[in-house]
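There are 2 protein chains.
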Amino acid sequence: MGKEIGITVKKSEDFSEWYTQLVIKAELADYAPVKGLIVLRPDGYSIWESLKSSLDSKLVETGHRNGFLPILIPESLLGKEKDHFTGFNPEVFWVTRSGDGEIGDKLALRPTSETLAYTMYAKWIRSWRDLPLKINFWNSALRAEIKATKPFLRTSEFLWQEGHTAHADKDEAEKEVTDILEIYKKTVEDELAIPVITGKKSEKEKFVGAVYTLTMESLMPDGKALQMGTTHFLGQNFSKPFEVKFADTNNVENFVWQTSWGVSWRLIGGMIMVHGDDKGLVLPPRVAPIQVVIIPIYHSDEEKNTTLEKSREIKKELDTRKLRVRLDDRDQLTPGFKFHDWEMKGVPIRIELGPKDLERDKVVFVRRHNQQKQEHPINGLVEKIVMELDNIHNDMFANAQKILDERTGNVETYDEFKSELENGMLIKTPICDNPACEEKIKEETGADIRVIQDGCEDESSKCVYCSNQSKIRPLFARGY
Amino acid sequence: MGKEIGITVKKSEDFSEWYTQLVIKAELADYAPVKGLIVLRPDGYSIWESLKSSLDSKLVETGHRNGFLPILIPESLLGKEKDHFTGFNPEVFWVTRSGDGEIGDKLALRPTSETLAYTMYAKWIRSWRDLPLKINFWNSALRAEIKATKPFLRTSEFLWQEGHTAHADKDEAEKEVTDILEIYKKTVEDELAIPVITGKKSEKEKFVGAVYTLTMESLMPDGKALQMGTTHFLGQNFSKPFEVKFADTNNVENFVWQTSWGVSWRLIGGMIMVHGDDKGLVLPPRVAPIQVVIIPIYHSDEEKNTTLEKSREIKKELDTRKLRVRLDDRDQLTPGFKFHDWEMKGVPIRIELGPKDLERDKVVFVRRHNQQKQEHPINGLVEKIVMELDNIHNDMFANAQKILDERTGNVETYDEFKSELENGMLIKTPICDNPACEEKIKEETGADIRVIQDGCEDESSKCVYCSNQSKIRPLFARGY
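Chains S and R, in that order, give the protein sequences. Just add 1 to wherever you are in the first sequence, counting from 1, and you've got the working numbering. Just add 1 to wherever you are in the second sequence, counting from 1, and you've got the working numbering.
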């Protein structure tokens, strides 16, 4: 593979350019003809499908069901919850024509579906028997991005799921937002090998229309935090304007308590940033479209026959173990080209199989994430691979956790705050309950409160900005 | 269940009203706030997911992969293939604004994605090595319906899949449209128990932009034909304007040969119409969200304990066989109410379990599709249910096939044609190759050529309309 088709910048030197080149050159996604929109190529979509399947089964297990909502929402409906409308209005795409005619009440492409879902819920919910109602929607949302767009991280249409639940009981709804956040955390840690920090968003950063928002955040190599998923306790903020009511067991009418929550393909962006290196993608084994690539190495026709035959045998065995295996038998390409190609695509394990290895009943076994190369007997190879896929996942997670731990620290002064921010640190620092302090810090440094962790109350320190008595010690960072 | 929550008309008396009531009252779907749009409730979506999973695995097995395309297509791109644009333009939803600003080149909500997909394919395909390229997209399409809309059958947004393939070779592309049609047919017959008739569309009815279109059609109880899925051989009609080219093994540039194909949630509409009855839905077992419902019958607390305990035991056994089972232990509802409720929802098998049955180690076993009721020993019940689910499927398919056969007939004269059409028949009749005859028949009777079956050449008869020598004997019907 010539330099021009490899990545031309280093991750450590031009992170943003490295990221974009990687997405395109590893063939995960490509730019669509409309600015801010991307197309997912099969490898990118396959990662999304793996994530989806893992999360979906957890949601089904916990009593959620899937549904479908249309993409068009009338303006009058979107405007029913005022804060919500004000928050989303600037980024809404509007349909104003169909065919050659004008449309009366113009139609929004859903930026999120609370207003539509709850209009339906008001029709469907009659009594306590209909509760809880827990429906999830796998769809896409559209928000016109004016800032620079970036595949997976900031696009005007993105794939996501949005869950919408209604409960008879406030506590049950609050438990839902906590439970879902745990499910999200488990999915991200178990599938993508990314450690996350969970907690509450500040008032300033919560979802428009929510009582409060819970979040999971992770650290990216450039020191910024990536919001990986959020769950919102909506209280009765929507059930009142949308009149989502139920008759309780005493036949008294009450408004329901609601939650909504979502994760998007942004998770894939996080995975690329956290694990990728200068040679390309490094895929966590459980979501890798191809987990093992076998490359036969030969010079003569006879060598080709024997190495290919053995390769097919190994592939067959791995197939029966339900692993995703590719035998790269493309002719006319050199082994070196193939090595680079699959390194770019991030395949976790590469098996090289040459005539000399075969004579000794061995193969060469290479791990993508740490470039470790070793010989391994063909005997027992399948067991080794099955085990190594888990080891690689654990190793990748431990590496990311180590970096997260090393790069999270406490600071007490604003000077320290600013310098540690430049060092790419996530910063725990005391702050008072005056919202102006958070705003000033954001204005002056670009960093804001990413997450207020459980147990981070701190009334014995001084606010990092105004030096009054602090209330909490939340986590600050610049964000994506 | 009172009359007001049952279906208030008979299938045989007001088919259209029966259909709409059924969709809403069985809680498959509901009307969205925008005219022509529907929401899928969990049971409706679950049927779609079953269909999707069955079709998807067949597509993956045959080397197709999934991808994602954004929903917005610039007007300039949609206009690149002229016939295609003219065909779709009247029903396109246009985005003209985002936030408070105007958009320059207005954006279409995809009515179908040929133009966008092939813009991408032109970038991705370089040489014969990149072919065939076979990508499928599970998404929704939007076509503003001006006629009366009907859930699943005619809506302005619908769930579907669209496959788009590119081949080096014409024959290979033509084989693809035939192979996919077979996959569609198998899916519909094996999952929905609906027999279909396959063949070609006439020139007049083919997809705008295609060289030819293959179709599968089925007979609805009102005598109309429902187009259940189509595959299109696009030839080089799109590869030329979109410049989708490849270098062959001699390094000579050629345009690719293309296909596209799709099925939508219309299949669910067909299933409802073909199998439903005056009591509600009748679901084919393989797509039923609940395949077996168990209803314990009790009057005292003691009876409640024993019947519930046994019910749970049976459910547990069925669960381990991966069946979808619901134990209806809702208190305060009578068994009669529950029977009607699950009949409305079309659950294939109902198990009733009362104290007297229990004493004799028996249950009552009821089949939804033919209302057959019998006793069955608890011993061996699970095996019986597993077997019956297949039997019910086969029985439902055979019933539908029998009706299709009885209601397909040959006619030779136009008078006969018109009267048999009123009798709800699918009509095979000879026609010449003058397109005016097909058009006149459509104008005068509302029926058109639904499908030109393989081997229906007929040059020894007289055209049913103009009495000149016929060319073919295709199948006519009115369509949805």
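In short, the hints are calculated from the structure, not lab data. None of these values were measured; they are calculated from a predicted model. Incorrect hints may have been included.
When chains are identical, the list treats them as one kind, so a pair holds in a single copy or across two.
[Said to hold, decoys possible] Calculated pairs, EDC-like style, for lysine to aspartate or glutamate (alpha carbon to alpha carbon, straight line, at most 20 Å):
id	residue 1	residue 2
1	K36	D101
2	K83	D459
3	K339	D131
4	K59	D44
Those earlier numbered hints the structure runs against, lowest number first: Violated: hint 2 alone.
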